[in-house]
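Protein chains: 2
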Amino acid sequence: MRLLDETVGRIVAQDPASRAAAKSRLDRLTMPHWALGRLMDLAEDLAGMTRSLRPPVERKAVVVMAGDHGVASEGVSRYPQEVTRQMVCNFVNGGAGINALARLAGARVIVIDMGVAGGLEGLAAEGKILSRRIGPGTRNIALGPAMRREDAVRCVEAGIEAALELAPEIDVFATGDMGIANTTPSSAIVAALTGAPAAEVTGRGTGIDDECLRGKIAVVEKVLEVNRPDPKDPLDVLAKVGGFEIGGIAGLILGAASLRKPVLVDGFISTAGALIACHLAPRATDYMIAAHLSVEMGHRIALRRLGKKPLLDLDLRLGEGTGAALAMPIVEGAVRVLSEVATFEEAAVSGADK
Amino acid sequence: MRLLDETVGRIVAQDPASRAAAKSRLDRLTMPHWALGRLMDLAEDLAGMTRSLRPPVERKAVVVMAGDHGVASEGVSRYPQEVTRQMVCNFVNGGAGINALARLAGARVIVIDMGVAGGLEGLAAEGKILSRRIGPGTRNIALGPAMRREDAVRCVEAGIEAALELAPEIDVFATGDMGIANTTPSSAIVAALTGAPAAEVTGRGTGIDDECLRGKIAVVEKVLEVNRPDPKDPLDVLAKVGGFEIGGIAGLILGAASLRKPVLVDGFISTAGALIACHLAPRATDYMIAAHLSVEMGHRIALRRLGKKPLLDLDLRLGEGTGAALAMPIVEGAVRVLSEVATFEEAAVSGADK
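So the sequences go chain by chain: A and B. Under this note's numbering, the letters of the first sequence match residues 9 to 362, in that order. Under this note's numbering, the letters of the second sequence match residues 9 to 362, in that order.
Keep in mind that a hint or two might mislead.
Where chains are identical, the list cannot tell them apart; a pair therefore holds if satisfied intra-copy or between any two copies.
What the hints assert, rightly or not - Listed next, the in silico DMTMM-like pairs over lysine to aspartate or glutamate satisfying Cα-Cα at most 25 Å (straight line):
1. LYS136 <-> GLU173
2. LYS136 <-> GLU353
3. LYS136 <-> ASP179
4. LYS136 <-> GLU354
For the record, the hints were derived by calculation from the structure and aren't laboratory data.
Please construct the entire structure, taking both the sequences and the accompanying hints into account.
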């Protein structure tokens with residue numbers, strides 16, 4: 009708990025002076041005022057996060073947190089639980105969506121086993137993944153809490169540690185997730201922390217049909233009834249209705265924020281982790297960049313609570329950090345605009361009328 | 009006119025067999041079905057355009073067409089006409105928004121003088137820009153036609169020639185524009201070809217205030233009344249209410265389509281050019297990718313007419329090809345997904361239930 013408390017204590021707001029200096033330069037670039045819109049807003053944010061007019065963004069990592077979920081036995085996913093483990097192997101072999109998109113973005117993919125059923129000791133021993141296992145998957149949250157409170161702290165602290173360890177070689181973090189059935193705990197977290205009804209935050213996940221969706225909504229309702237997570241206590245929410253990888257994502261975000269580094273938040277599961285982070289340390293939102301708006305219906309509600317507008321809206325619903333990887337060039341574009349575009353004076357271009 | 013007719017004659021639909029082969033692979037990738045949404049739609053399109061399951065997209069160029077507009081004297085822009093020429097110098101010196109974003113995307117920037125007031129002979133002689141000058145700017149379309157019909161043909165053919173000349177070394181084209189006051193002819197083109205009223209397709213351009221916007225709408229209405237462009241004759245529309253660079257953009261798109269190469273269409277001015285191209289050769293739309301939705305209010309109406317959904321929506325309103333450059337990584341991402349992600353069989357991952 010000490011690492012978590014210390015990390016939360018180190019998270020401070022964006023720097024107003026750096027934001028103002030960036031705005032002053034952006035105001036004078038050779039283009040109609042603020043003509044690159046949200047790219048310029050993002051440049052101002054990045055300056056505020058990093059305290060720099062040349063925010064470093066070149067060294068990028070997508071941290072994919074993997075974990076299993078006891079609630080998979082309630083039939084909330086179209087895939088068997090073994091797919092979590094198989095997909096971790098796919099990540100290691102470079103064959104998954106996140107591998108293709110991270111290669112394009114020039115980002116490293118770092119996979120952390122937060123608690124995959126069946127174990128991945130071989131890959132961890134070979135150094136192909138990091139092991140921060142809390143257990144062999146959460147318990148079934150339709151019957152009781154996912155994990156003990158101390159395990160929730162351990163998840164979050166594992167994410168913080170990952171950020172601290174990677175920090176010397178990473179400028180921009182991105183969150184990713186893998187875990188069969190993990191839209192169900194994410195829906196429960198978003199419902200618990202926003203007060204939205206289960207039916208408004210529960211979607212089709214891997215592509216379940218209408219009947220299965222009705223069942224999934226009933227499961228989320230039951231999860232909330234059985235566990236009664238305390239919305240004022242984010243660790244209680246994580247412990248009762250969360251997941252190991254979701255706690256890891258929350259921790260990664262807190263770690264990045266404490267280091268004053270930007271963190272691209274991927275889709276619905278990542279945003280559930282971001283909500284936990286935001287309730288632990290509201291200022292952490294200053295370092296979050298919402299990468300995209302997912303198809304998963306609760307995502308919009310969760311982003312609204314964070315006060316974030318997503319950069320992309322491409323009907324993605326894969327997770328793994330794929331939306332975050334796709335948004336990385338936009339982050340780099342924002343920095344290029346701030347640092348490479350000439351001002352009216354520099355380029356001897358006539359300004360606008362008053 | 010012969011080059012234009014021949015080019016239009018060579019434009020054929022996307023290849024259904026290549027689309028089907030791409031879809032078949034995308035259907036089996038290790039992810040929930042079509043979980044990368046519009047990225048997968050785009051991959052299917054790119055396969056259909058290029059007749060390949062590994063669509064080449066590495067060698068990219070933003071072709072920035074520059075031209076001046078007599079209608080600038082009506083007070084429709086916040087900037088003096090000399091800015092067109094100054095910005096071309098800024099492009100050549102690498103200091104503009106498009107330079108920064110094209111560098112990030114790994115794209116060449118090719119500037120073509122279609123008719124900038126004052127001339128740019130020095131830069132053309134040094135080989136820093138291409139010169140395809142039709143004249144020293146269009147005439148004031150509030151008083152009569154922009155150019156002669158044969159000049160409209162010359163504009164479009166200059167764009168086609170640019171595509172043909174660049175084709176051996178370019179896989180993906182992107183359109184860009186520079187021309188003070190060029191949202192006004194673009195609004196007139198969109199109004200003429202879609203039938204939308206001037207007030208619905210005329211926006212703030214460089215950032216004019218309410219009073220100036222009312223005046224600009226009145227100018228567009230007058231332009232349409234004075235010239236009465238024939239909506240069934242896209243060359244008549246271009247000649248009467250268009251611009252040299254807008255015709256060049258239409259030609260570049262037709263050239264790319266005739267070569268079966270994708271072309272990223274930037275913002276409002278580029279989309280006005282794309283509308284001209286679509287009315288000359290409806291199948292050209294098969295090769296267009298709408299890069300982004302601009303703030304400029306007529307853009308949505310023009311995109312709807314083209315049947316295109318933009319990839320990005322970031323409140324951009326700069327032109328120059330900046331939105332197209334920002335969208336290039338998404339195009340490359342689509343290809344990576346198609347060509348690099350493993351199928352369920354390849355990765356030995358369990359499939360979904362039926």
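Hint by hint, where does the structure go against what was stated? Just the numbers, ascending.
The structure conflicts with no hint, since it agrees with every one listed earlier.
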